[in-house]
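Student: Residues per chain, in single letters:
Number of protein chains: 4
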Amino acid sequence: MDNLQNRKLRYGIVGGGAGAFIGVVHRHALALAGQFELVCGCFSRDEENNASTGGSLGLDDARVYADFTQMAQTEALREDKPDFMVCTTRNDYHYACCKAFLEAGFHVMCEKPLSQTQAQAEELQRIAHVKGLLLGVSYVYSGHVMAMEARSLIRAGEIGEIMMVMGEYPQDWLIEMAEGANHGISTWRIDPQIAGRSNCVGDIGTHIEHSISFMTGLRIEKLCAVMDKFGAGTALDNNAAILIKYSNGATGSYWCSQVAAGYDNALKLRIFGTAGAIEFDQEKSNYLTVVRKGGAPQLWSRGRGYIGDAAAAYSRIPAGHPEGYHNAFVNLYSSFADALRDLVSGRLRPLEQYDFPTVEAGVDGVRFVEKCLESAANGNIWVKY
Amino acid sequence: MDNLQNRKLRYGIVGGGAGAFIGVVHRHALALAGQFELVCGCFSRDEENNASTGGSLGLDDARVYADFTQMAQTEALREDKPDFMVCTTRNDYHYACCKAFLEAGFHVMCEKPLSQTQAQAEELQRIAHVKGLLLGVSYVYSGHVMAMEARSLIRAGEIGEIMMVMGEYPQDWLIEMAEGANHGISTWRIDPQIAGRSNCVGDIGTHIEHSISFMTGLRIEKLCAVMDKFGAGTALDNNAAILIKYSNGATGSYWCSQVAAGYDNALKLRIFGTAGAIEFDQEKSNYLTVVRKGGAPQLWSRGRGYIGDAAAAYSRIPAGHPEGYHNAFVNLYSSFADALRDLVSGRLRPLEQYDFPTVEAGVDGVRFVEKCLESAANGNIWVKY
Amino acid sequence: MDNLQNRKLRYGIVGGGAGAFIGVVHRHALALAGQFELVCGCFSRDEENNASTGGSLGLDDARVYADFTQMAQTEALREDKPDFMVCTTRNDYHYACCKAFLEAGFHVMCEKPLSQTQAQAEELQRIAHVKGLLLGVSYVYSGHVMAMEARSLIRAGEIGEIMMVMGEYPQDWLIEMAEGANHGISTWRIDPQIAGRSNCVGDIGTHIEHSISFMTGLRIEKLCAVMDKFGAGTALDNNAAILIKYSNGATGSYWCSQVAAGYDNALKLRIFGTAGAIEFDQEKSNYLTVVRKGGAPQLWSRGRGYIGDAAAAYSRIPAGHPEGYHNAFVNLYSSFADALRDLVSGRLRPLEQYDFPTVEAGVDGVRFVEKCLESAANGNIWVKY
Amino acid sequence: MDNLQNRKLRYGIVGGGAGAFIGVVHRHALALAGQFELVCGCFSRDEENNASTGGSLGLDDARVYADFTQMAQTEALREDKPDFMVCTTRNDYHYACCKAFLEAGFHVMCEKPLSQTQAQAEELQRIAHVKGLLLGVSYVYSGHVMAMEARSLIRAGEIGEIMMVMGEYPQDWLIEMAEGANHGISTWRIDPQIAGRSNCVGDIGTHIEHSISFMTGLRIEKLCAVMDKFGAGTALDNNAAILIKYSNGATGSYWCSQVAAGYDNALKLRIFGTAGAIEFDQEKSNYLTVVRKGGAPQLWSRGRGYIGDAAAAYSRIPAGHPEGYHNAFVNLYSSFADALRDLVSGRLRPLEQYDFPTVEAGVDGVRFVEKCLESAANGNIWVKY
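Chains as they are written, first to last, in the numbering used here: chain A, 2 to 386; chain B, 2 to 386; chain C, 2 to 386; chain D, 2 to 386.
To be clear, the hints were calculated from the coordinates, so they are not data collected in a lab.
A few of these clues could be false.
The list treats identical chains as one, so a pair stands whether inside a single copy or across any two.
[Claimed, not checked] Once the Cα atoms are required to be at most 20 angstroms apart in a straight line, the calculated EDC-like pairs of lysine to aspartate or glutamate come out as:
#1 223 x 361
#2 230 x 282
#3 294 x 180
#4 9 x 38
In isolation and in its complexed conformation, chain A is listed as follows (with noise of 0.2 angstroms):
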């Protein structure tokens, strides 16, 4: 029997076509990890594109699909057919192209938000717990090594018991929209048709509820939200701030935002407890500032002996020699291949045992976005969570 264990893991991609950003971005990932091979796609709903990018990647053209759903059938019934698929479309088709995968029987991983509404998502999370299908949401910055060792150094005790989280997410790429007229920005995000009823918080926002929840175990009790919508006719948020009271007491302030001069693509976490703190910066992420009480600030480096086997694990590099975002894809999909296998092969432990955020973390994701929708558009109150 075929147990996945010592061959490449084949893979179909929906997304990442020319000119796409995530999609390439995801493609490019699986290539570095050296255990997947591409074997269909659905890059674009352009016709040319869709067929000179499978052309150009080695693809045979029966495999090259117009259609999400028609690829899903169609592969579905080969022998050789893709062990798992991958979604990387705007966030207006997640929904309907996991479904179609998972319907025709196919493991998923699926960029966030897994949907546009939380009934969506929970409709997915439904269909692959009775299917016992992984689905996976690609939520990368959890897939960073010092993401991990934050996790299990907060695990462990190390900083005590949490007391307060920031976590803030800063860009600037849409700040021209902050001065009123649109100035010709074109992008599906601002787009409420596309990108659903938020943009910042749905875009970013929800990275930081998804690395806090992953890095901590913390439950959002409530939470109140600030959502802003600068510069004249701007239809979705692109800024917000929000605050959160935790079930354990802690308080948390997250702040994301697409209109900070002079930020890149900031996610950072502060995490506090009464023993210690934890600080992560993507942009940084090769690097963990750990604190215990009383002591001086460490900087923690990817690769050193002192980082924990369970991140350590994911390490492909020394230190001082960057991962970067590709990386972080690496070891998400890494994870995902090790669940795979070990389901294959009637080994499978608990999803939480895992490295990558899974369906769960996809709902609570979208939930995440409508509490927030919910709370400003009633005047900015405190919502139930």
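Guided by the hints, dock chains B, C and D onto chain A, whose structure is given.
Tutor: For chains B, C and D alone, kept in the frame of chain A given last:
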């Protein structure tokens, strides 16, 4: 007539005996400034400490007082009386001390907070206005050259219209409280009888409020505050997160903490506008990060040729020779002295054209604490300012 | 005719078996690049490691070779032979391996150093020139986008005439050596038979030399080197400090170390001109500090609009999404592939117009090590270059 | 008997008139220290400046002198004569000024360099020894609390045996010189008649030498110096790179520059031992980076509980409240005052147990400059120390 132009200004001080912190800092800074002369004092409620401090400072015994009211009244009768008085007592004496000095006809510089209630602050404001006396409040961080430069740049429109403000002020000196029992911490700051109704917001949150107000001129329209009392038996807040809506539509998020492991005294302000951004960190107070939309972040340095005249006037030593905490006090007192000399010589300009925090800032500071308390006490609701 | 334009380039590799470092990095990077296909290999002198590595990579057993000479000769006869070969062996095989490939008519990319002696390097240079073959040397750090941007800015005269260069490259992975006994360190880098006559200068000092040469075009006129062997019984240098005079009158100071506690892999270059300065730190390789005389230091970020076209062409993901060590290799191989395709289609430009280090850089690198050894062996005298 | 225990110490000063830099800093720092009283001065060779400075400082006209020799002789006759004198003139007067004061029986604190030649320095040393007078030299950077902490840690063996030292001190205030014509720069520092035979090494290189010596106790065995005079018509060095061999076998590399674009005053020292490393940066003088072999770099902060008693004794304000340039002078003078009081009361300990730089440091500093000049003048040869 003595118009104060060609001599040192004489001052008396309350506080600053052996073992004191902030009173000693004021006295040292006044010496560093080079234009002030200590002539009388009431240094400690401990008789011996009071006497020995006065002696070591070379004061005539007759001008070392056991009581600030007595000092006010006695000194007011002298021909060579102080030109102004300095109040650096514990919070619970600020109001009474300032009142005594104002009523005796003295100009005053008072440590923040100006008082424990807004009503008291407004009373002091009225007295000062009626009597035509200067009443400064030493929000020291606005005394840094680069804080002044930030203000100048913002006023000149360099960052456009302000959209968001992120202010934070973490410390960890009370982290032992967070672990439960008091661990024998002995400080009046955690005693409601002395500190007033707030510890953390009153002591350091108020610095965020003042610095932002000083730099931006933004007015708070409403706020929503979470004030935490981490640790069993903790009577006053030691951590707070606050959302702000300013009258111009901008959003603010403030965080202050005394239980944030690894932080010394990290007041950091980030102000984002439609055309750029500015970041000031008091622990690196000789620098300012300046971003123009589309450009790379620049690290401006105090003492360099590109610093504007208004701020540069306070720079005493060349770039790269750090000015620190004492120097910020020097700057506040220098501006206070300028105003005092102008007042005496009949050339006083509107007070907002000087660079020291006035009684209006003091009233604002007390109001800010009260509004945070009101929000927190009522379920963290939004409170009109 | 097959002009390589519309297909992946085929390559064979020597090195990179289980347990190897740099060979695996090359292979991973070539996968990440997306335009290369591994077709044959000689992964390890250990037969089992060699076979299992080849198998896990999906290679035909017939194309997994025990010997690189055999691989060169056998593959040269195939119609679907590799378009180029990659040499990632230990230092002592670089010369023989490159020679075998060149003589069999293959283009080659070789790890640095190109050889153990200058005479060998020059021989390889001659063979490559005579046969019209590309011979690249993977000085990886010049592959970073921001290293290329530094070069562009300097070439464009942005910092004026260069006066001083400070280059450093500290690590600490051999610090146990410094305490005396060997502490059981087992690495061929400290074995003269394998590493050659230098450890530290040969392994990392040479990266300083290459990066500076790449960015500035400066030519060394003379140098004075101190090469330390800290720890009892240490056979090769593990620390070196080198003074340089360049032919334009500029002064350089280089430092490399493998016993500098706290440093991972901190190649840092600072280049000072009459009109400004540039600083590059490979551990923060997505940034560049740029100073114009009289202005504030600016932190430039890869992927931003102000980055010049030449460097930006290599940027694959947006600013703030870190590109790391693998990405720098991707860039070198991409440029190598450009040259290869241009060569095959008869449009090869002068090699200095491409962005990968050529055999000339390889020869320079070996000469640099020899000159340092000559200086150190003769009492740290100044040696003509 | 007046043993100086219960009163402020009286001092006279040479230098510090209007427009002066370092003399004013000394005077301000002496005021900040709180235990010194200015009683006489010779502030400027400009009569009016001298008189008006004295007047503004409240000095009796009779104690404002046109000439330091006259001041020495006249003041020596007073009963209330100064306890010590401070020399802050231009370099060319240091020797004569110190000599006049010593011969009149005064203890002296002198700005560095102690003199323009080693012979002069040694003569001053002899006079001070014979007369039993204290002669301090204000190498200010060793006055920082964290510089003292570095010394304590190194003395205690925390970083093991020292192997390498990297010292640098770049500035850019003379960068206009580097472009060729003088650009009208007017400063005595570039005039050999006043500055002496070196500008850059004499002004700032000597601070590297002193700080390293202070922290480590290492003795220089030989050195090799390149001293650059960038810009047409430049008479004295404005950049230098120096290799050092210490008597314990350690290697040093120093770099100082006045033409390094973007740098203010960046004295930075890195000291590497077999067991760890320490880094001090005077522009961030409230911190120290401490590394223990195998551990993560730690950022130590002045004022924290883990700081040793010897250094902590100089800390006046809590961690996070920056002490700056003035505070370092305060510390030097405090230690000088301790020694003076101990001397007067017959309890003087060996001078190396105090924390101010003594005449021995002054002699070393002048020798360092001479040795660099000797190396540079002879083709950058190695020179015995």
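Student: Which hints from the list above does the structure break, by number from lowest to highest?
Tutor: Checked against the structure, the only hint that fails is number 2, while the rest are satisfied.
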